[in-house]
Amino acid sequence: MIAALPRALPRTLPRALRLALRLSGAALMTLSPLSPLSPLGAAPLAAAPLPPYPPTARGEVVERLHGELLADPYRWLEDDNSEETKAWVQAQVAFSRAYLDALPLRAPLRAEIEAVWNYPKQSAPVRRGGVELYSYNDGLQNQSPLYLRRVGEPHAAARVVLDPNALSAEGVVALKGTALSPEGRYLAYQYSKGGSDWAEIRVRDLLTGADLPDLLEWVKFSNISWAADGEGFYYSRYDAPAAGAALTGVNYFQKLYFHRLDTPQSADRLVYARSDRKEWGFSGEVSEDGRLLVISVWQGASEKSQVLYQRLDAPGAPVVSLVDNFDAGFSFLGNDGDTLFFKTDRDAPRGRVVALDVRQPDPSALVTVVPEGPETMEFAQLVGGRLVVGYLRDAASLLRAFTLKGAAATHERDVALPGLGSASALTGRWRDKEGFFSFTSFTDPGSVYRYEFETGAVEEVFRPALSVDTGALETRQIFVDSTDGARVPAFVVHAKGLDTSRPRPTLLYGYGGFNISLTPYFKPDLLPWLQRGGVYVVANLRGGGEYGEAWHEAGMRHHKQRVFDDLIAVAERLVADGVTTPAQLGVHGGSNGGLLVGAVVNQRPDLFGASLPAVGVMDMLRFHKFTIGWAWVPEYGSPDDPEDFKVLRAYSPLHNLKRGGRYPATMVMTADHDDRVVPAHSFKYAAALQAAQGGEAPILIRIDTQAGHGAGTPTAKRIDAAADLWAFLGASLGLGAEAPAEVAPAEVAPGAVEAP
287 MIAALPRALP RTLPRALRLA LRLSGAALMT LSPLSPLSPL GAAPLAAAPL
337 PPYPPTARGE VVERLHGELL ADPYRWLEDD NSEETKAWVQ AQVAFSRAYL
387 DALPLRAPLR AEIEAVWNYP KQSAPVRRGG VELYSYNDGL QNQSPLYLRR
437 VGEPHAAARV VLDPNALSAE GVVALKGTAL SPEGRYLAYQ YSKGGSDWAE
487 IRVRDLLTGA DLPDLLEWVK FSNISWAADG EGFYYSRYDA PAAGAALTGV
537 NYFQKLYFHR LDTPQSADRL VYARSDRKEW GFSGEVSEDG RLLVISVWQG
587 ASEKSQVLYQ RLDAPGAPVV SLVDNFDAGF SFLGNDGDTL FFKTDRDAPR
637 GRVVALDVRQ PDPSALVTVV PEGPETMEFA QLVGGRLVVG YLRDAASLLR
687 AFTLKGAAAT HERDVALPGL GSASALTGRW RDKEGFFSFT SFTDPGSVYR
737 YEFETGAVEE VFRPALSVDT GALETRQIFV DSTDGARVPA FVVHAKGLDT
787 SRPRPTLLYG YGGFNISLTP YFKPDLLPWL QRGGVYVVAN LRGGGEYGEA
837 WHEAGMRHHK QRVFDDLIAV AERLVADGVT TPAQLGVHGG SNGGLLVGAV
887 VNQRPDLFGA SLPAVGVMDM LRFHKFTIGW AWVPEYGSPD DPEDFKVLRA
937 YSPLHNLKRG GRYPATMVMT ADHDDRVVPA HSFKYAAALQ AAQGGEAPIL
987 IRIDTQAGHG AGTPTAKRID AAADLWAFLG ASLGLGAEAP AEVAPAEVAP
1037 GAVEAP
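Add 286 to a position in the sequence shown, counting from 1, and you land on the number used in the numbering used here.
Hints were generated in silico from the structure; no laboratory data involved.
Since we're looking at a predicted model, the values are computed, not measured.
Incorrect hints may have been included.
What the hints assert, rightly or not - Under the rule of at most 16 Å between Cα atoms (straight-line distance), these lysine to aspartate or glutamate pairs were calculated in the EDC-like manner: (1) K590 with D387; (2) K911 with D927; (3) K479 with D927; (4) K590 with E839; (5) K479 with E517; (6) K541 with D575; (7) K541 with D562; (8) K462 with E486; (9) K719 with E738.
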């Protein structure tokens, strides 16, 4: 969804609707006047000069929820396997494709985006047993192959050990996670097909280049952690779903297993499961010294967790509870013998590092190692004989190194970063002398740096060359007062020297949920928009993690309206400052951000000229009934709870459309294999919005095929989707169709390296 769980975060769907009532037309007139499902909106309203929208049949499903009658005439679209739904999808795809392909900006933007996208991309290398593994994409490969080289060798000496592009002609098989065995001999890798959250695990022998016969199925929301001897690993999976229920069936009862190499999955040893806790999930991690298995227990998309452990140096040792309630989040960092280190927000909403002795498992025995500070602690890790902590200051990264003696940490230095951007965690381990991290920003496409733990030296080892000079772009940060006075930051990106005497077409992006922070990131498809005079804005709304757990909690459950107020305040500020006008302002968000877009457009349709809700949670009264949707209840509340229902009903995008409302140009975006936020959310919302539209702006739905919630989407599909998005925005917001101004080719800075 939402973040991949536990760090969060359709096939056949039964159509027997227990609460459905078949009422006469007269009875339907008693529904809420805000319902998009009343017969007043039955006839689709054509958005001139568009031809009529493809017809959408209206069913007669009505149910009473907490005393309110609610119609759901498009519920039949929840069954994506039905012939009726397939026909509807085909008609909508054809309608949208005809509109998008006719846009004059579409073809030139597609070419410009592909040209900018064509640059090398590399991850920070991971070292084990004298070798290092990293991904490298030479530019337009659909998926990034994995390379292996001996430590110290250049990229030219590396060899491809796994190429996902060879697993599918269309590039729709993507890697979801990898883990090198301790000695660097084996690579366990997760992969998924068509964008699904379901994954399989295989093991490749890096000496021979061949896969072992091992095949692990029905893996979802799992890490891979090798045993110290390299003979097997821990992973998590669900039981196989019922036939036809893989895409929409609800996922309960995850289990933690140990898999030994060269054995069938049926022989895997069950390590931990709870038949009395269907919503619990488990993530096992072996300590670096191999003595302990630490099990994080998650419940839904909340980061609040329990912690269990098992001694691996004592055969037959039981699994023991260490932290036994869900009152805070605990992330295992490593151990020093029987002392375990965790990052936690217990009694520290911005985060702290604590130590806990397993011989004294009383949670009150927590010892503070690094106290909570004014910045938000994003991550912490034990590497290079030190504790390295990543912080956020106003949504941009800081890295700090601490020396560690027992459970006492002393600030050693701040790690030098190139500027305002986002730094990843380091890839090193406790005994390494150096580690690697990636850094990106709105103008940095992703460079890799080596950090020497002893001296603190930072060296750039990879910087890709782009076809345009991103130095011609400018990023600034503004702070906006929300409705209740909360200070909301936002990044504003545009070309340097842009004439600010007149407003510009602007895209505002937001998320605001699940403790996820929006830090600076690079979007190659954004550059043509900026070159043509457009503006891009990223708002750091409450509900995210930019300022810690208090910031998150301020925008969740019954406080969700604050998130919408924050985005509206940023939009109004952009208009007041003359950056843009309502007619030139678009709003975009995905997943929880798609919900955000639907809600704010319902509340302020006058404030936006275009909206782009992508893979959004649009039906807030039924989200918990599909796949992993139940896991979002801690964030949103439960539609089954009367008090939560009132809040959800008040902002649910599907249930607050008004017949005859003048809505901005809208392109709903989804994918047929999204088993995180099932496409029925977008199907029903688009159908209802087409029926409700009383203005002339177009309402489209773009449905991708052989794609899912976003992760792992092939490069070609990403470029096509980006071309459609920016062309639709350009047409809706009045961006000129003229070619961009000439820009200088990118210059590689002195000392920079195109490939290691």
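Is K590 close enough to D387, meaning Cα to Cα at most 16 Å? 46 Å, violated
Sort out whether E839 lies within 16 Å of K590, counting only the CA atoms. 12 Å, holds
Would you mind confirming whether the straight-line C-alpha gap from K479 to E517 stays at or under 16 Å? 27 Å, violated
Is it true that the CA of K479 sits at most 16 Å from the CA of D927? Violated, at about 36 Å.
Given the hinted pair K541 and D575, is their alpha-carbon gap at most 16 Å? Answer violated: K541 to D575 is near 24 Å, above 16 Å.
Satisfaction of hint between E738 and K719, Cα-Cα up to 16 Å: 6 Å, holds
Given hint E486 paired with K462 - CA-CA distance at most 16 Å: 9 Å, holds
Satisfaction of hint between D927 and K911, Cα-Cα up to 16 Å: Distance of about 14 Å is within 16 Å: holds.
Quickly compare the C-alpha distance for K541 and D562 to 16 Å and report which way the hint goes. This hinted pair holds, its Cα atoms lying about 12 Å apart.
The earlier numbered hints that this structure contradicts are 1, 3, 5, 6.
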